[in-house]
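Asker: Chain by chain, the residues run as shown.
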Amino acid sequence: MLNQSIVVIAEHVEGQVRPVTYELLAFAAALQKEMPSAKIKIVVIGDAMDAMADNIARKTGQGVFYIHVPGLSGYNAEVYKIILAGVLEELQASHVCTAHSSRGLDFAPGLAVRLGCACITGIEAIVKRNQKISFRRAICGGKIMADIQTDSRMALLCVLPGSFAPDSGESAAAGTVMKRALECAPQKSLSTGVIHKSLDAAAVAEADVIVAAGRGIGDKDHLDLIFRLAALFPRSAVGGSRIVCDSGWLDYDRQIGVTGSTVAPSLYIACGISGAVQHVSGMRGSGFVVAINSDPNAAIFNVSDVCIVEDLATFIPILIETHEKRRAEKEA
Amino acid sequence: MKLLVCVKQIHDPDVPVRVNTDSNWVEFDGDAYVMNRFDGFALEEALQLREAFPGLRIDVVTVGPERADAVLRRSLGMGADHGIHILTESGGYQSPFATAAWIAAYATGCNYDLILTGVMSGDDMNGQVGPLAAEILHLPCATAVIFRRMMPESGRIYVERELEGGLRDALEMELPALLTVQSGINRPRYPSLSKMLRANKHAVDVIPSGSLGSPSIHLSVSQTLLPQKMRAGRVLEGNPREKACRLLDILQTRSMLASENSAC
Ligand SMILES: Cc1cc2nc3c(=O)[nH]c(=O)nc-3n(C[C@H](O)[C@H](O)[C@H](O)COP(=O)(O)OP(=O)(O)OC[C@H]3O[C@@H](n4cnc5c(N)ncnc54)[C@H](O)[C@@H]3O)c2cc1C
Ligand SMILES: Nc1ncnc2c1ncn2[C@@H]1O[C@H](COP(=O)(O)O)[C@@H](O)[C@H]1O
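So the protein sequences, as listed, match chains A and B. Note that the numbering used here has the first sequence beginning at 1194, numbered continuously upward. Note that the numbering used here has the second sequence beginning at 4, numbered continuously upward.
Quick caveat, the hints were computed from the structure, so don't treat them as lab data. Hints are not guaranteed to be accurate.
Examples of chain A residues toward chain B, derived with CB under 7 Å [stated by the list, open to error]:
1. Gln1285
2. Lys1390
3. Ile1501
Keep in mind the model is a prediction, meaning the values are calculated, not measured. Ideal Cβ positions, reconstructed from N, Cα and C, are used throughout, including at glycine.
Could you put together the complete structure from these sequences and hints?
Answerer: Below, the structure is given as C-alpha cells:
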C-alpha cells in the first residue's frame, strides 16, 4: 500500500519527553525494515510543546506532527482518544507505536475500539514467519512467549520499555515539524495534574548488593532469613517484589521494579521471585544476578547468571551456615 | 448504586506450564485454579465502597468455561451480591476483544454506576479487557487506579492512576465509569466460611457467550515458545550443601562476600 505510515506517539510527563519515546522509534525503524514503503511519523500531543517537538525532530531526523491542544498541559485519556482517532486515519497509519506504560495502556485499547482495529500490548520483539509479521509478548508471568498476529488494517502496538535500544546519536539533518492547533476538551473527565509520591529509596538505590524477597518467602516471618542473608555482604540492602510490599511485609521504598526503584547493584540475589517483566525492568542492569527459586522454569532464571533450584526456606539457612563454618575455619 | 466487578479464573501460577504440542498455545500440568490475583483488589474495592455506601449492590461477572463458576463462588464468599457467568467453550487462546465485547454486551442496559476490573490477568497479561469494555460502553476509563474517593454530591469520582517511578495522574471522572484497579490499593479479604457455604447455594446467571454476539477478535496466536536466556543462567548442581559451597565459591572469586572464605 502506498502512503502507509508507522506512527510513533511521543510519551511525555510534566513537559519532559520520556526516554521510551526513542525506544519506540527504534521499534518503528525495525518494523519499517519489514515494510520499506512505509514512512515513520512522530506525533506529539499537548500544549506548549514546541521545544519538545523541535528537539525530537532534531534528534531523530524524522518528521514530527505536533498537535497543539490549548489547555492540555499534560495527559487526558479522552482527549488523546478523540484527537488520535482523527489523526491516525489522516496519516494512514498501519502501525501505531506507543509505550507499554501506564499512559500507553490507558488510551491504546480504547483507541483501538474507536478505530475498530487491533491492539497488542507487552511487545518485546518483531518476528517474521511465512511472510507474516507477529509481535512477541510474554504470557504466564513470563514463563512462555506468544507471537501474536493481526489482520486488522491498523494495529496499535504497546512496546515494552527496555526491549528496543534507542539510537544513541543525533541525526545529521533535523526532521520537519508540522504544527496544527486542535481544540478539544474532555467531556467526562478532568485531569488535575501529576502527583509526586516521594519514596525514600536511598537504601536500595545506594546498595552494592541487594537481596530481594518475593512471594516465595511464603510468610513475613521468613523475611528474617533474607535480612540474615543480606548481612553476609558489605553495603547490602533488602529489596522486594511488589507482592511483598503490597502484603505489607516490606515498605514500598524497598520495592524493585517499574513502579518501584530501578537499581543496578553489583550483585542481585532474587529469592522466591518469579521474574515478571515489571520486576525485571527494575533490576536488569545489575552486575551479577543469582536467583533462588523452587520452580526450575521460573522466568527469573532467564535473567540470572547463577540459578539455584531450591526451596529458599531450607536453602538459605544452609547457605548462611556454610558461610559461617568456612569463616570460622579460616579464623582457626 | 450498582457496581460490576470483572473477575477471571486462571490456572494457579504455581502449576507448571509448557508450550502445547502444536506450539500454538500452552498446557498446564494440573487442574488447580485461582482467582486472578489482581481481581481480588477490584472486588475488595467494591466491598469497601458498599461499606461506605450501604445498599450498594455488587454484581460479579466472569467469562470462561464451566469451571470458572468457582471464581464466582469465591467472589460471593468474599461478599459480592450476585454472579453472572458468561459461558465459553473451554481451552485455547481467548482474544481480549472477545472477552471485553461479551462483558460490554451483558452490561449494556444494566445501568451500572461503576465497573471495576483488575489491572491485568496473570496468565494473558494484556491489561486490555477493562479499557476495551469501557470504550464499547462509551464510559470514561482510568487504568491502574491506586487511590479513589467518591464525590457523591457531584456524581463524580476522584482517582489517582499509578505511573512509573513514583508519579500519579490525578483526575475526576463522571459516573458511570470504569476503573482498572492496581494491586496494593487495599488488602483483599479472605472469603468467609459462612458466606462460602451460602455462596454454593446461590443461583448464578449463566449466559452462553454465543447469545451475546460474535465480536471481531482481531488477534490470533501464530506460535508459542520458551523465552530466551538473557544471561549465562548457570544451574548449580548437587545437594543443597554442595550448591551453597558452589555459590560461595563463585561469589568469593568475584570478591563479593564480606570476608574472605576458604574453599570447601
Ligand atoms: C502496572 C503494574 C506494575 C507493576 N510493578 C511492579 C514492580 O514495580 N515490581 C514488582 O516486583 N512487581 C510489579 N508488578 C507485579 C508483577 O507483575 C508481579 O505480579 C510480581 O512481580 C510478582 O511478585 P513475585 O515474583 O514476588 O511473586 P510471584 O510471581 O507469585 O512468584 C513467586 C515465586 O516464588 C517461587 N517460590 C514459591 N515458593 C518458593 C520457595 N519455598 N522457595 C523458593 N521459591 C519459591 C515461585 O516458584 C514463584 O516463581 C506490577 C504489575 C503491574 C500490572
Ligand atoms: N475472562 C474474563 N472474565 C472476567 N473478567 C476478565 C476476564 N479476562 C479479563 N478480565 C478482567 O480484565 C482484567 C484485565 O485482564 P487482561 O486484559 O486479560 O489483562 C482482569 O483483571 C479482569 O478483571
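Asker: For every hint, state whether the structure bears it out.
Answerer: Right, here's what the structure says about each hint:
{"no.": "1", "hint": "Gln1285", "in the structure": "19 Å, violated"}
{"no.": "2", "hint": "Lys1390", "in the structure": "5 Å, holds"}
{"no.": "3", "hint": "Ile1501", "in the structure": "5 Å, holds"}
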